[in-house]
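A.B. asks: Kindly produce the complete structure, drawing on both the sequences and the hints.
These protein sequence lines are chains L and D, in that order. Sequential numbering from 2 applies to the first sequence in my numbering. Sequential numbering from 2 applies to the second sequence in my numbering.
Don't read these hints as lab results, they were simulated from the structure. Treat the numbers as computed from the prediction; the structure is a model and nothing was measured. Among the hints, a few may not be true.
Straight-line alpha carbon distances no greater than 30 Å define the calculated BS3-like cross-link-like pairs of lysine-lysine that follow [claimed, not checked]:
1. 111(D) - 52(D)
2. 52(L) - 111(L)
3. 52(L) - 111(D)
4. 52(L) - 52(D)
5. 111(L) - 84(D)
6. 52(D) - 111(L)
Protein chains: 2
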Amino acid sequence: MTETTKPRRAQILDSASRLFSERGYHATSMRDLAGDLGMQGGSLYAHISGKEELLIEIVNVASRQFDEALFTLRDVQLPADEKLREAMHRHIRVVADNMDSATVFFHEWKHLSPEAYARVTGWRDSIDAFYRELITRGISEGTFRADLDPRMTAYLVLSAVNWAYTWYRPGGPLTPGDVADSFADMLLGGLRSEIGSTA
Amino acid sequence: MTETTKPRRAQILDSASRLFSERGYHATSMRDLAGDLGMQGGSLYAHISGKEELLIEIVNVASRQFDEALFTLRDVQLPADEKLREAMHRHIRVVADNMDSATVFFHEWKHLSPEAYARVTGWRDSIDAFYRELITRGISEGTFRADLDPRMTAYLVLSAVNWAYTWYRPGGPLTPGDVADSFADMLLGGLRSEIGSTA
DNA sequence: CCTACCGATCGGTAGG
DNA sequence: CCTACCGATCGGTAGG
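C.D. replies: Dropping the structure here:
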């Protein structure tokens, strides 16, 4: 009974993710969305309760993906540098595998109602905390430089993995793993050569 | 004669930058904007030709600031690592000093008409090229590691300086220069300590 | 800069 | 899932 409506709902969410990411939430009308699915505007409401439900669900699915990717890594026993590399792999993979909903997630969450908004803010904080704790442990282990500021370091890592939503193109020459390894190599080892440092 | 209308236009642009960055372009109505300035909706059209003119001007001002900050650095004679640090200083300063219009710039440019859209795309490409050339020169100078991919390196630097629009808070404990130095230190020198490298 | 208004479009609903 | 419709609001204009 719910098995026939579920795929239709999934189709609606896919279309909504794409249109919201391309045009923005407010610039996408319910008639745009219905047209993309070959139906009339009013027909959507047989499957969903309203426009905001779509935004909430897209954002929730995206944040759940980040959650699952990173928090299963929390208690894994690995040196901090390897763990950071693995976290970046997973983080970029979520972005790359969900370009549309990730874009919606990063751009449209401020249009959520207060409760849903607070949930997203909480998620963001917990991701920040995950990276800060990883850095802090790496410093006390001696893997990372002792003079790092965990907060700034976490911002730098998050910049790299999150900003990928603006430029990464799935199906292009780079896999998400290529990107993660390249960024991790540069972040861990630094850009400067051994010989030529001047500052 | 134009001297009395110019400040009013500037006020409208400031309000529009703030409202567009907080609520988004399409979610901000002209009546919201007028109300923020203590006037009626229709009165705005004595000063501007339409809503999109505001978006175009905000985005143009922002991109001009990035242009001026970076392209005056192009022909400065400096080792690549110092030049990269200086570019990051300037780039982050533009973001930090224009949080509202930078946010509009990053989020709302896709709502521009085709011509204005193409201009922004062109600007983005030229900023990318600026950083890629800087990296390439640094590699051939011997300042940067020979195994760097200039394209990926430029993406990493741009991630760091652009993503600041999401978390930086002017008036907080960190100056734009603090952020730039912290990021530049980490990027140039790497996160790993000398002793504890495992990978 | 205001009042009053325009046509268009919005999200959503009723009834089938 | 469609047709037909609702009140509300949109960007913008006319005339003053």
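A.B. asks: Please list, smallest to largest, the hint numbers that this structure does not respect.
C.D. replies: The structure breaks only hint 5.
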